[in-house]
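Heads up: the sequence shown begins at 1 in our numbering, then just goes up one per residue.
It should be emphasised that the hints constitute simulated quantities derived from the structure, not laboratory data.
All C-beta atoms in this analysis are idealised placements derived from N, C-alpha and C, irrespective of residue type, glycine included.
Each hint should be verified, as a subset may be incorrect.
Said to hold, decoys possible - Using 16 Å as the maximum straight-line C-alpha spacing, the simulated EDC-like pairs for lysine to aspartate or glutamate come out as follows: (1) K69 with E53; (2) K69 with D36; (3) K63 with E73.
To be verified - Pairwise CB distance ranges, derived in the manner of DEER restraints: (4) I70 with E15: 36 to 44 Å; (5) S26 with A68: 22 to 30 Å; (6) K69 with S26: 26 to 34 Å.
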Amino acid sequence: MPKNIASFLNLPYLEQYTGHCFRRSSTSILADSGADLLTIKRHGGWKSNTVAEGYIDTSKGNKKKIAAKILGEETPSAISCEVSCFFELIGKKN
Numbered sequence: 001m002p003k004n005i006a007s008f009l010n011l012p013y014l015e016q017y018t019g020h021c022f023r024r025s026s027t028s029i030l031a032d033s034g035a036d037l038l039t040i041k042r043h044g045g046w047k048s049n050t051v052a053e054g055y056i057d058t059s060k061g062n063k064k065k066i067a068a069k070i071l072g073e074e075t076p077s078a079i080s081c082e083v084s085c086f087f088e089l090i091g092k093k094n
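Construct the entire structure; sequences and hints are all you get.
Following this line, the structure appears as structure tokens:
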């Protein structure tokens, strides 16, 4: 299935795409959009909070919130991540 998705999207190096690649990328996009812990756990199929919390901790939205707090600014609203983020994330694997 992952290779079929990559083929449909006309991505290079079809043999390098795995289910994990798409699950990780989609979870990162979900975390960047401001999704809560329970939503991320359900999406990834994780019972433990540990893995899901890792996505939230490293999300762009969380990093911006932390930076805003350090600078004494208002916390920015949830960040929307477009499909280009997905291609950026999976492109790093190549």
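These are the hints, each one checked on the structure:
Under the criterion of a C-alpha separation no larger than 16 Å, the hint pairing K69 with E53 is inconsistent with the structure, at around 20 Å. For the proposed pair K69 and D36, the alpha carbon gap of about 20 Å is over 16 Å, so the pair is violated. Taking the CA atoms of K63 and E73, the gap is near 13 Å; set against the 16 Å cutoff, the hint holds. Checked against the hint of 36 to 44 Å, the pair I70 and E15 passes, with Cβ atoms roughly 43 Å apart.
For the pair S26 and A68, the beta carbons lie near 26 Å from each other, so the given range of 22 to 30 Å is met. Our hint of 26 to 34 Å for K69 and S26 holds, since their Cβ atoms are close to 28 Å apart.
Checked against the numbered hints above, the structure violates hints 1 and 2; every other hint is satisfied.
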